[in-house]
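Enquirer: Residue strings, one per chain:
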Amino acid sequence: NAGVTQTPKFQVLKTGQSMTLQCAQDMNHEYMSWYRQDPGMGLRLIHYSVGAGITDQGEVPNGYNVSRSTTEDFPLRLLSAAPSQTSVYFCASSRLGNEQFFGPGTRLTVL
Amino acid sequence: GNSVTQMEGPVTLSEEAFLTINCTYTATGYPSLFWYVQYPGEGLQLLLKATKADDKGSNKGFEATYRKETTSFHLEKGSVQVSDSAVYFCALRNTQGGSEKLVFGKGMKLTVNP
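Protein sequences appear in the order of chains A and B.
Residue 1 is where the first sequence starts when you use the numbering used here, and the numbers rise one by one after that.
Residue 1 is where the second sequence starts when you use the numbering used here, and the numbers rise one by one after that.
So that you can see chain A by itself, here it is in the shape it has in the complex (with noise of 0.2 Å):
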């Protein structure tokens, strides 16, 4: 098992532009979720999913959209980066009142 990918490893964007950050897990977890840590801020939740089709949001949802069509892949869109999204972005997945498995993160820089 691969277990939690995320790609791209490191991205620099400019305020306005629009991404996607990718995550896919071949666990076959339920639940999926999205985090970004902040230096002296912890770890907080932009948006989670619970399965194929269902999303909500988190701690810190704006800026950010979410979509959940299969199991495997959970996506991150920013629709228009600004500085404040500069950040340390993990994805999560886990099976329903199970462990959470942490993908290796991505480093997203707005300039």
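In short, the hints are calculated from the structure, not lab data.
Some clues are possibly wrong.
Claimed, not checked - Sample of chain A residues facing chain B (criterion: CB under 10 Å; computed from the structure):
| hint | residue |
| --- | --- |
| 1 | E30 |
| 2 | Y31 |
| 3 | Y35 |
| 4 | M41 |
| 5 | G58 |
| 6 | Q100 |
As the structure is a computational prediction, the values presented were derived from the model and not from experiment.
For each residue, glycine too, the CB sits at the ideal point set by N, CA and C.
Put chain B on the given structure of chain A with help from the hints.
Expert: Chain B alone, transformed into the frame defined by chain A:
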């Protein structure tokens, strides 16, 4: 609401020193508690967990006991190694209502010198 407060550091220790990282929580009901570790350049890994009061989680020489009376889940290790250098996060999942959401503390960076 649910929240986690933990020591933020950074903390620098010598090899073989004793480690304690304090973590307290606020939650309704009976949350599950976790310690995650993040090694440099990597994602988070589950270090240990406890799902009910008085449970003790342990792994790789680390231990933490779920104390409901003090709403705490302090992480301890008797003798740290250089390879323990990492960022440590305390987290809770409030299983009331079947929520899967994790709430994290701010993390504590530990550096262990030889």
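Enquirer: Next step is simple, just say for each hint if it's right about the structure.
Expert: Consistency of the hints with the structure:
Annotation: A/E30 was flagged as interfacial toward chain B, and the flag holds, the nearest CB pair being 9 Å apart, inside 10 Å. Satisfaction of the interface hint for A/Y31 is found here, the shortest Cβ-Cβ separation to chain B being roughly 5 Å, below the 10 Å cut-off. Against a cut-off of 10 Å between C-beta atoms, the interface hint on A/Y35 holds, since the closest Cβ of chain B lies about 8 Å away. Hint status for A/M41 relative to chain B: holds, with the closest Cβ pair at about 6 Å, below 10 Å.
Proximity of A/G58 to chain B holds as hinted, the smallest CB-CB distance being about 7 Å (cut-off 10 Å). Given the 10 Å rule on beta carbons, the hint for A/Q100 holds: about 6 Å separates it from the nearest Cβ of chain B.
Taken one by one, the earlier hints all hold for this structure without exception.
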